[in-house]
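**Student:** Just so you know, the protein sequences line up as chains A and B, in that order. Heads up, the first sequence is in my numbering, so the first residue is 1 and it goes up one at a time. Heads up, the second sequence is in my numbering, so the first residue is 1 and it goes up one at a time.
If you're looking for bench data, these hints aren't it; they were derived computationally from the structure. Computed from a prediction, not measured in an experiment: that's the story for all the values here. Be aware that one or more of the hints could be misleading.
Identical copies look the same in the list; a pair holds intra-copy or inter-copy alike.
[As the list claims (entries may be wrong)] Here are the simulated DSBU-like cross-link-like pairs (lysine-lysine), alpha carbons at most 30 Å apart as the crow flies: (1) K9 to K35; (2) K35 to K16; (3) K37 to K9; (4) K36 to K9.
2 protein chains.
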Amino acid sequence: MDLSDWRDKIDEADRKILELLNERARYVLALVPLKKKAGIPIYEPRREEQVFENIARLNGGPLPPDAVRRIFERIIDEMRSIQRGPMEDDK
Amino acid sequence: MDLSDWRDKIDEADRKILELLNERARYVLALVPLKKKAGIPIYEPRREEQVFENIARLNGGPLPPDAVRRIFERIIDEMRSIQRGPMEDDK
Chain A
1 MDLSDWRDKI
11 DEADRKILEL
21 LNERARYVLA
31 LVPLKKKAGI
41 PIYEPRREEQ
51 VFENIARLNG
61 GPLPPDAVRR
71 IFERIIDEMR
81 SIQRGPMEDD
91 K
Chain B
1 MDLSDWRDKI
11 DEADRKILEL
21 LNERARYVLA
31 LVPLKKKAGI
41 PIYEPRREEQ
51 VFENIARLNG
61 GPLPPDAVRR
71 IFERIIDEMR
81 SIQRGPMEDD
91 K
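Just chain A, same shape as in the assembly (with noise of 0.2 Å):
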């Protein structure tokens, strides 16, 4: 394997991560009407704390936790500012 066979095989990683990501962002849109209706807030730092917990014990490397801790947070902060909506975006 030479340097672009890595790299196809990095974008066809990149391009399966995006597919999980935006299917995740559909669940955590489904999610916002039954949150809504349950009265609950759409930040809710012990469901984000177990998120994380389940990530790191899950984690198998080569990516240390801190990296793997640091790519989550993003994306769920990502997550949080779409279940708000563009007018309610207070990032």
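On the provided structure of chain A, position chain B as indicated by the hints.
**Tutor:** Quick look at chain B alone, frame taken from chain A:
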């Protein structure tokens, strides 16, 4: 589907995202000796821009383009760190 069903789906998406991030990290680490041999630096702005362009082109939403860009900036930043290794980490 109730709140906890959607959360199960979110946890499952996170598990797959984590797996793909580590897969991508393995590819990126495989590149290091090839880059060294070819005299190519770890940080290649042109290649990184190409990755962002791929992502922007493939993004079908609901995540907006700027959200996707920020997530991939974080991913690529962490990938660069592991390529450099703990001794050369200048983050």
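**Student:** Going through the earlier hints one by one, which of them does the structure break, listed in rising order?
**Tutor:** none
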